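Here is how the chains run, residue by residue.
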Amino acid sequence: MKAPRPSPLAKAILTDVTRCVGCEKCVVACEKTWNTGDTIPSAHAAPDGLSGARWTAIVKIADRFVRKQCLHCINPACLNACPVHAFERLPEGPVIYNKDKCIGCRYCMISCPFTIPRYEWNTPVPFVRKCKFCFERLAKGERPACTAACPYGATIFGTRKEMLAEAQYRLAMNPRRYIQRIWGETDYGGTSVLYISDVPLEALGFPADDAAACKKTFSAFTWPTALKTPYLGGTVLAGTAAVGWIINRRMEIAEQNRKQHESGQSENRDSKQVK
Amino acid sequence: MKRLLMVKEVLWALAMFGLVAMVGRFIFGLGAATALSDQVPWGMWKVMNMIAGAALGTSGFIMAFLVVVVRMNIFKPLLRPAILVAFLGYGSSCFALLLDIGLPWRFYYPFIHWNIHSFLFEVALCVTLYFAVTAVEMIPIVTENTRWRKPGHFIHVYVLPIAIVGITLSSLHHTSLGALFLTAPERLHPIWYSPGINWQFILSAMGGGLMMLVLVTLIIGSLYQRRADMRRLGAVAALAAVPLAAYGLMKALDLAARGQWPVVFSGQWEGILFLVESFLLVAAPIAIASVGHWRLRDAGLWVASASTVAGLALNRIDVGIIGFFRSAGAVYVPSLPELCIGFGVPAAAALVFMYVVEHYEVYDAPPFLPKEEPKAIAGETFDPVSGAWGSILSNPLHHISMTAIIAAVAAVGIFSGDALKGMPLLSQRALPPLSHDPTRAVLLINGNRNDMAVAFKHDFHKTRLGGEKSCARCHHLDKPGDLYTTCNKCHADMNLDTQIFNHSHHVEKNGGNAACGKCHTDGNEPRWETNARPCYDCHARDMRMEKPAPGTQSDYNAPSYVDAMHQKCIACHREMDLSHKTNRALEECSTCHGDMRANRPQ
Numbered sequence: 043m044k045a046p047r048p049s050p051l052a053k054a055i056l057t058d059v060t061r062c063v064g065c066e067k068c069v070v071a072c073e074k075t076w077n078t079g080d081t082i083p084s085a086h087a088a089p090d091g092l093s094g095a096r097w098t099a100i101v102k103i104a105d106r107f108v109r110k111q112c113l114h115c116i117n118p119a120c121l122n123a124c125p126v127h128a129f130e131r132l133p134e135g136p137v138i139y140n141k142d143k144c145i146g147c148r149y150c151m152i153s154c155p156f157t158i159p160r161y162e163w164n165t166p167v168p169f170v171r172k173c174k175f176c177f178e179r180l181a182k183g184e185r186p187a188c189t190a191a192c193p194y195g196a197t198i199f200g201t202r203k204e205m206l207a208e209a210q211y212r213l214a215m216n217p218r219r220y221i222q223r224i225w226g227e228t229d230y231g232g233t234s235v236l237y238i239s240d241v242p243l244e245a246l247g248f249p250a251d252d253a254a255a256c257k258k259t260f261s262a263f264t265w266p267t268a269l270k271t272p273y274l275g276g277t278v279l280a281g282t283a284a285v286g287w288i289i290n291r292r293m294e295i296a297e298q299n300r301k302q303h304e305s306g307q308s309e310n311r312d313s314k315q316v317k
Numbered sequence: 055m056k057r058l059l060m061v062k063e064v065l066w067a068l069a070m071f072g073l074v075a076m077v078g079r080f081i082f083g084l085g086a087a088t089a090l091s092d093q094v095p096w097g098m099w100k101v102m103n104m105i106a107g108a109a110l111g112t113s114g115f116i117m118a119f120l121v122v123v124v125r126m127n128i129f130k131p132l133l134r135p136a137i138l139v140a141f142l143g144y145g146s147s148c149f150a151l152l153l154d155i156g157l158p159w160r161f162y163y164p165f166i167h168w169n170i171h172s173f174l175f176e177v178a179l180c181v182t183l184y185f186a187v188t189a190v191e192m193i194p195i196v197t198e199n200t201r202w203r204k205p206g207h208f209i210h211v212y213v214l215p216i217a218i219v220g221i222t223l224s225s226l227h228h229t230s231l232g233a234l235f236l237t238a239p240e241r242l243h244p245i246w247y248s249p250g251i252n253w254q255f256i257l258s259a260m261g262g263g264l265m266m267l268v269l270v271t272l273i274i275g276s277l278y279q280r281r282a283d284m285r286r287l288g289a290v291a292a293l294a295a296v297p298l299a300a301y302g303l304m305k306a307l308d309l310a311a312r313g314q315w316p317v318v319f320s321g322q323w324e325g326i327l328f329l330v331e332s333f334l335l336v337a338a339p340i341a342i343a344s345v346g347h348w349r350l351r352d353a354g355l356w357v358a359s360a361s362t363v364a365g366l367a368l369n370r371i372d373v374g375i376i377g378f379f380r381s382a383g384a385v386y387v388p389s390l391p392e393l394c395i396g397f398g399v400p401a402a403a404a405l406v407f408m409y410v411v412e413h414y415e416v417y418d419a420p421p422f423l424p425k426e427e428p429k430a431i432a433g434e435t436f437d438p439v440s441g442a443w444g445s446i447l448s449n450p451l452h453h454i455s456m457t458a459i460i461a462a463v464a465a466v467g468i469f470s471g472d473a474l475k476g477m478p479l480l481s482q483r484a485l486p487p488l489s490h491d492p493t494r495a496v497l498l499i500n501g502n503r504n505d506m507a508v509a510f511k512h513d514f515h516k517t518r519l520g521g522e523k524s525c526a527r528c529h530h531l532d533k534p535g536d537l538y539t540t541c542n543k544c545h546a547d548m549n550l551d552t553q554i555f556n557h558s559h560h561v562e563k564n565g566g567n568a569a570c571g572k573c574h575t576d577g578n579e580p581r582w583e584t585n586a587r588p589c590y591d592c593h594a595r596d597m598r599m600e601k602p603a604p605g606t607q608s609d610y611n612a613p614s615y616v617d618a619m620h621q622k623c624i625a626c627h628r629e630m631d632l633s634h635k636t637n638r639a640l641e642e643c644s645t646c647h648g649d650m651r652a653n654r655p656q
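Read top to bottom, the protein sequences are chains A and B. Its first residue numbered 43, the first sequence is counted upward by one per residue in our numbering. Its first residue numbered 55, the second sequence is counted upward by one per residue in our numbering.
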């Protein structure tokens, strides 16, 4: 099964960790644009700040402000994992959640290596919540609200090509400042949200540089096993049917032999009597 | 018989607690009823009830294979119990799963929305279909002496293909249950994560399910005072040892291949947990089952079967919940309503199990009935004074009903407290500000001592706002005798409101109940904040505070530290912005929180 590749239409967000001052204007813009709701610290929410009511948050990693949001992977774990296909990947890149299909199993939350999907724990009708890349605004030709709100240009939006080029440019211009890696370029098959940084970003969920997982995509973890499922089922079905038929047949034959033996004996008895 | 009655009462009590908790779960939502969180989203119901429960129901398909396909007559008397265990095991698992998913009324969606990449999709379909198969296999049992025995007989004729379908479905979903965890290589602890986890799951499930059958039979025998056939049960135990040994070998090789044996013995608590789980699930049962005279004795079988069932449940809990703690940075302990449902659902299943065993032919002796028949009281004259209690004490049915009612009422009482009241706010004590230097010109305001502090230029603000006269603008209420009380003394919690008025202290100091009129001067009832004198009236001398406007001070509630800081600072800064027309947006978060140098801890 071929892993999906980014299309020429692909859009991306580039977050430059060295430029973020933690003003949280992106967070406020997202909350206001989509009316995400009240964020209150609770025992059900994680300390990184993301929750059912906050789809992007600033976390501190090694003295730097790092923006955490859904990375809109090119081969997303949530999409592969969801039993009712409630996630969909648009050609431009956004991975969006369809609340009309969700059953609330929370398997997407277990599967995402960046621990992005969050749940609305405190309502009787809960849904999964995460950044949706402002895909409705993209359709109208606008930028995502967060990138439009950032006053320092720490998080910017463009085509994936443009963002990769910009990232490579900055890495080349400041080789001593930046870690020479574009986080999200190939990790897990690539993501639509790219990071460049002067501190390591494994704390977000990125694999370490030389881990084999960096090159693998999500479906590579699961699809080879899934492909074997029909063979497993077919083998068990055929195997048990065969065993059952063979044993049944042998019992029938044994029964016939027994009957023959008995009637043979009674014939002998009969013949004896006739004699 | 008394023991059976007591066991049933305990089970009814558990089931009633579970029922009330279930109502709470539907009214208030998952957050109120469980301790699940964004960091540990799968908990007791999904993992223990559903995944472990399904694993313990495997005896159904194994016995179907051995008796119906391979025709091993030694196991024939155990076929019906195995089917009943599977039917109730899967039924209760699916029920608990319905309670666990956020939108249970959409339970049929996997049938109409497909995702062949998802193992959970495969599990959903397969488990539902297999449950239907076990229900079909139950039909002959419950209809055989009734007027619906024709369909039962019909199913009996086609038992072989039905069994084959059941066996196929079982092998598919047990491997898929393991494969669920293939998506989380970075998050599940490497002791348990393995590319071969699907095979490990089905092997351990097969061993665990067979031992579950042994355990259930021993329990039923003990409760109904029937002697179980040790030879037969010993054979099942010996059989169970085979997949358990295969699982043990496979797991050992898998750990070696991935270089995880050093981790197991490294002293990490996950390693210790894994060794405990392996002892219970593999070492103990195989040891007992291999030694003939242990396997054929009561004690040996009890220990072996109980150990395997416990080990299997522990293994599933380790894989599904505990193995995620380290990467999540959080632990999960089930809440009280969660425990009630988690144990209430199997309790209900056990009650149904006993009902079916008592009224239908499941074990090969004639249907079990308790030795004492419940006494009928219809037709007797009923004296409400002594007759009610008399019947409850002597009539087992009434006795159990009373227990169930008491349990239900107790549950409502317990759960109407805070247990189901919704998402709790995180309580964190607010700590006083620190300073780099003794003059305290700059204070580091960091109430929860994380590494985000605000460097507050105290001296600068004091000078700019008018010196000593301006203190009250921030220190707007001093505690008696504590001049310039720091904010955290009243705004004592980071996220929760706190009460600043200590009523019992004031009552005591003023002379007890005779002193109500000293503060509640207008004599109205009830005596409340709104008809009490303001603090200023008595404390003006020793508290620095602005005199409140008449009628305004009736609220002794101090907002949270976070809210207090934000309101005070941002309100002022907003004013300053407009009046001084400064270039900087002073009310922005980064004004206070954005200085990276200040954010370094002490």
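Worth double-checking, as some hints may not be accurate.
What the hints assert, rightly or not - Okay, derived cross-link-like pairs now, EDC-like style, lysine to aspartate or glutamate, Cα gap no bigger than 20 Å in a straight line:
1. 511/B with 629/B
2. 130/B with 184/A
3. 543/B with 617/B
4. 258/A with 562/B
5. 74/A with 240/B
These are computed hints drawn from the structure, not numbers from a lab. Owing to the predicted nature of the structure, the values given are computational and were not obtained by experimental measurement.
Checked hints:
| no. | hint | result |
| --- | --- | --- |
| 1 | 511/B with 629/B | 18 Å, holds |
| 2 | 130/B with 184/A | 70 Å, violated |
| 3 | 543/B with 617/B | 15 Å, holds |
| 4 | 258/A with 562/B | 70 Å, violated |
| 5 | 74/A with 240/B | 34 Å, violated |
Of the numbered hints listed earlier, those contradicted by the structure are 2, 4 and 5.
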